[in-house]
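Undergrad: Residue numbers (the numbering used here), protein chains in the order written: chain Y, 1 to 512; chain Z, 1 to 328; chain E, 1 to 405.
Be aware that one or more of the hints could be misleading.
[Unchecked claim] Below, a list of computed lysine-lysine pairs in the BS3-like style, where the Cα atoms sit at most 30 angstroms apart:
no., chain 1, residue 1, chain 2, residue 2
1, Y, Lys-180, Y, Lys-143
2, Y, Lys-387, E, Lys-185
3, Z, Lys-305, E, Lys-28
4, Y, Lys-387, E, Lys-28
5, Y, Lys-180, Y, Lys-205
6, E, Lys-98, E, Lys-28
7, Y, Lys-143, Z, Lys-305
[As the list claims (entries may be wrong)] Facing chain Z, a subset of chain E residues (Cβ under 7 angstroms, in silico):
no., residue
8, Phe-68
9, Ala-78
10, Val-157
11, Gln-172
12, Trp-182
13, Tyr-341
14, Leu-350
The set of hints was computed from the structure by calculation and includes no laboratory data.
Glycine included, C-beta positions come from ideal geometry on N, C-alpha and C.
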Amino acid sequence: MALTGTDTRLSVEARGISKSFGGVAALDAVDFELRWSEVHALVGENGAGKTTLCNILAGIYRADAGQVIVDGSERDFRSPAHAIDAGVGMVHQHFRLVEPMTVAENIHLGWPETPGVVSQRALNERAERFMAETGLHVDPTAKIWQLSVGEQQRVEILRVLARGARVLILDEPTAVLTAKEAEELFAVVRELAAGGLSVIFITHKLREVLAVSDRLTVLRHGIREITRPTEGATANEIARLMTGEERVLDVEHRVVTGDPALELRGVSALNDRGIAALHDVDLTVRSGEILGIAGVSGNGQTELAEVICALRDHQAGSITVDGADIASASVRAVTDMGVGHIPEDRIGMGMVASAPVKDNTVLHNYWTPQFSQGLTLNRQSVIDFAKQIVVEARVQTRSVFATAGQLSGGNQQRLVARREALVADRLLVAAHPTRGLDVNAAQEVRSTIIDRRDRGCAVLLISDDLDEVLLMSDRIAVMYEGRIMGVFDAADADREHIGLLMGGHSLSEAVA
Amino acid sequence: MILAIIENAFLSLIGSAIPASAVVMLAATGAMLGERVGVLNLGQEGLIGIGAVYSVIAVLSWGVESPWLAMLIGMIAAAVAGLIFAVCVVAFRASQVLVGLALALGGIGLSNQLGTNRNGTPIQTLFREVNPGGVLDDNDAVSAFFFHDPVVYIAYIGLPVVLWFVLFRTRHGMNMKAVGENPAAADAVGVSVTGWRIFYSVLGAALTGAGGAYMVLSFTPTWSPDIARGRGWVALAVVIFAGWRPGWAVAGALLYGSMISLDTTAQARGWGLPFMGASDLSFFLSMLPYVVTLVAILIPAGAVKLGRRVRSTAAPAALAIPYSREER
Amino acid sequence: MTPLGSIASAVLSVTPWRLERRLEVDAKRAALTRIGGAVGAMVVVGILLLLTGRNAFWIFWEALDAIFGRQRGIEGVALRAIPILMTALGVALSLRMKVWNIGSDGQFLMGALAAVGVGIHLDGPGWLVLILMAVAATLAGAAWMLVPALARAYWDVNEIITTLLLNFVALQLVTWSALGFWRDKEAAVIQSTREVPFTLPGLPGADSVTVALLVPLAIAAVLWWVFRSTTIGYEIDTIGGNPRAAAFAGIAVRRRIMVVMLFTGAIAGLGGMLQLSAPGAQAMNAGFSAQFGLSGFIVAALAGASFWGVIGGGIFIASMFYAGIVLQTKGLSVYIIFAIYGAILTGIALGEIAARYRMVRRGAEDREAENRDADDRGADARDADDTAVAVEATAGDEATQGARP
């Protein structure tokens, strides 16, 4: 697969790069070499320092120590603009696009070659001409917020290329794409490299590394483990270098025939923009099983979780928990029925970062008699409970009085997952529970969820990581554009079929 | 006949509203400049005071004889205050609300202190009305509507047109809006968020200062304490009412101005109502400008909530949020 | 990194130190830097005055000496502290929810106006009229907050401008009452309302301070308890910290925002009644509120989220206020107080920022981090006998992903 180029001249060379945040080293004297005409995969777990290294190469951060040499001359980028002048451009995982502006405007933003006085039409024409040159197409008059994630990514790439970038850095570019969109991106990336550009491809998905890169570099805990040609490398070998150890969770799948804990019949709901996000959804989750929802983010999963937890109204259909309709139930009533919820945005919704850990441990049940009598909140019982959760879930914190914001992402999620597991007697809704976590934290959160299932709780697992859905679920439902495309038992689940359904193909097409 | 009277009354009401709210217009434009790049300056009230008092000082103490030069001095003084504000909130990322209120308070205090010895001294260096061919007739409502001093034309026509053109027809304006909507995006493409935010805060402060200068160089040609009397706050409300669009600020400013001129006209003519004497009516009318302004800023919000969602009237997404590249 | 940041780093780069952001801001440290900022600002103003030939430090010292050396001075401070504390408590309560109530002056005035209305029209035993006055003032203060509260809670209209505009309306209403409908027609010269014939009983041993002084202290105590030990306080803090998390926890966010905003108005309104019921202040005129609301706002900003801090800050600002009156006799106008307020507020805002940074010795990061943990552990010792584990490494990819700008 690898297209090892004959050009071994270096486009970018980094020597001894170090960077620390808050006294904690993110990069420790890292060396890195990038050649012209190559796709170079930068691999590592979350927190390994991949993004930090690239942010330094692209002028976002300045290194505490070390040198960056671009095309033979040493550079000290003080801003992303400096980097782009030197031909280094980066497409971030979170896009840097201005939502209320059009595609054409975003491409021309801050670009010295944009004419001083411009009309929308002139911008659109320029954008179209440029798209024809690069072969990447998006409607130039569309506003960014109207575009799919894949299209937004294309705008970002167009913008970087328009400025004459010769070194393109892509930060986890496939995290938000469907399988088909990812394939298209791979083709674009290979073509760019064939045209003489250097591409850094940050990822932690090993299949992608093998599919797209010529060489690869593995980072672990801010230190370079290896740089080598991709040809001849195996997934296992790379995985071992990434994690330093191998620990695989073995999940036993089961077939359950008990009573349904959660039933949705013909449920429809709107998203925040008032557009239909769920269409006529039927789902059943039984006590003691994990039902996984596979699908690319943004296909109604968020709304599904919120509707079940009474955080969002539904327009039609019925939702019952243990046979009781929750159509008009409050969040509190639903929670009191034993429904826990690990929300997908743990910082934005699942916790109060500025509040102490102890207050965060009771966020979803502070009103229960365990903690409050009448108006009064029993401080001591909250503190005791917090200490218990911190110990049980192995949350690493100085004290339960420290603010939750200073916990690492993994520890925040350990806390939220344990808290919600304790709330969830009947049903646990877990949305992207391991997103952004390192291997150890992810394993612990998964164990917490499985432990709930084994105690007879029903679990609805939402994840855009298909591997995770396949690993954890007893049954799998696939969601696309707010519809359930099909439901499978774990034993019958076929990775390829599910992938096609996630991309919007119907069941008959997928089987055919 | 009756129609003509109504028309006349309307023209003279707006005619006197125009100079009455030219200050608001200038300050609203100044505030809008800053807000378009994401800087909320609550200190408009103080900047009006500073602009006014330095113009007064220029005329009375430094013997400046040109109103333009006096206004420029007022603008420079306000710009210096605006620079201090901008350095605190943009470079040091201090709270825009706190420092803005500090500027409002400090500006009022400083200008009142500096103006203490000049209370009530009439100012002779004034802007003159544009009066082509001597056609102006004091009693003519049409003349009152059309003929004003040059600053008025700049405030109501020149600035809105220029600002509209820059914002919606130039590369520069596109970049400006990006700084206010998503500074990280602007930064990523090489627009200096810090530089632009400081520049436009200072320029905006200078415009607001011009508003203060206009007060003492034309509208009420003398210094009196607390000269802004809430006009700075009204200007901030006008920006919200206008949905950050320069043209709409004219409507907002005139709405406020016509309430002011309604009050002054009623007082001058001794108007009364059957159930309210002239003096009571005047007290009542003097509350109206603020009440109407308050209602005006509820309108866009209400329109959005009642389903008529208008995206372009939303505030710049990054308004009042400090930006730092390494913020984590 | 900002240009000034770059300059700061450039200056520091020749030293073995560099500037670094803290992962966590300690509340106590933030309070100290805020106070430091305020004091620093006063020193700067003092130096400026010194340059114009006025020895403000000496005058201020004399003023303080005059205040705290005599009972009259102390009572003078206490009298001014009452309205300042009341408005400050209202603002501090709204700040717990990240709501900026800048209209406490208007609510204060409306409270006083309602109290005057009741006081001059009702006959009856003094204690009953005073109680009715307090009730009317509380309701009026809350009512004055109604529109901004509804607009903020249900239409998402920012409360800063709405509350502020209502200050001007309130001031015009008071002027109207003093010169118009409730004017004291017997005293032709003084432009004020008629006088309320009742005052609150004095504090034992005091010449002019009444039991009104106990009210802000009691309210501070109640608020402190509410936020320490009740679910209501927990919910308000949760809304202030993260409204989406509050909705996640089933808190009726909009309704709670509205109710708390009405409460802040009510406290300021009651402040108006307390001010009115002091001997010698029983009538209203256009100058009834000497911008107490603004002083209260500064006190709340200085105190952060602490209600006891409000008491301390209130006494500090009230002393300044009183000293300002003394300063006037030394050739400074009352306006200078506003300029000083502006400087203090700027100092507070900059102090808040300073708390987020620390100096780090180059090449000694790890040891620094350990020291910091040790420090913090010491600070938390009163709190817990916890299993103290070092702050886990958060840096790098994970943290950058979390920070969606």
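Undergrad: Compare the structure with each hint and give your call.
TA: Outcome of the hint check:
For the given pair, Lys-180 (chain Y) sits about 23 angstroms from Lys-143 (chain Y) by alpha-carbon distance, which is consistent with the 30 angstroms threshold. This hinted pair does not check out: Lys-387 (chain Y) and Lys-185 (chain E) have alpha carbons roughly 69 angstroms apart, beyond 30 angstroms. Distance check on the hinted pair: Lys-305 (chain Z) and Lys-28 (chain E) sit about 41 angstroms apart at the alpha-carbon level, beyond 30 angstroms; violated. Proximity of Lys-387 (chain Y) to Lys-28 (chain E) is assessed by CA-CA distance (about 23 angstroms); at most 30 angstroms being required, the pair is judged to hold.
Note on Lys-180 (chain Y) and Lys-205 (chain Y): the hinted pairing holds, with a Cα-Cα distance of about 16 angstroms set against a maximum of 30 angstroms. Proposed proximity of Lys-98 (chain E) and Lys-28 (chain E) is supported: the alpha carbons are some 19 angstroms apart, at most 30 angstroms. Restraint check: the Cα-Cα separation between Lys-143 (chain Y) and Lys-305 (chain Z) comes to about 22 angstroms, which is no more than 30 angstroms; the hinted pair holds. Contact between Phe-68 (chain E) and chain Z, as hinted, is not supported at the beta carbon level, the nearest pair being about 25 angstroms apart and thus beyond 7 angstroms.
Hint status for Ala-78 (chain E) relative to chain Z: violated, with the closest Cβ pair at about 24 angstroms, above 7 angstroms. Below 7 angstroms, beta-carbon pairs count as interface contacts, and Val-157 (chain E) has one with chain Z at about 5 angstroms; its hint therefore holds. Nearest Cβ of chain Z to the Cβ of Gln-172 (chain E): about 4 angstroms, under the 7 angstroms cut. The hint holds. Residue-level restraint check for Trp-182 (chain E) is violated (minimum Cβ-Cβ distance to chain Z is 12 angstroms; threshold 7 angstroms).
The criterion of a C-beta within 7 angstroms of any C-beta in chain Z is met by Tyr-341 (chain E), whose closest approach is roughly 5 angstroms, and the hint holds. Annotation: interface hint on Leu-350 (chain E) holds; nearest CB of chain Z at approximately 5 angstroms, less than 7 angstroms.
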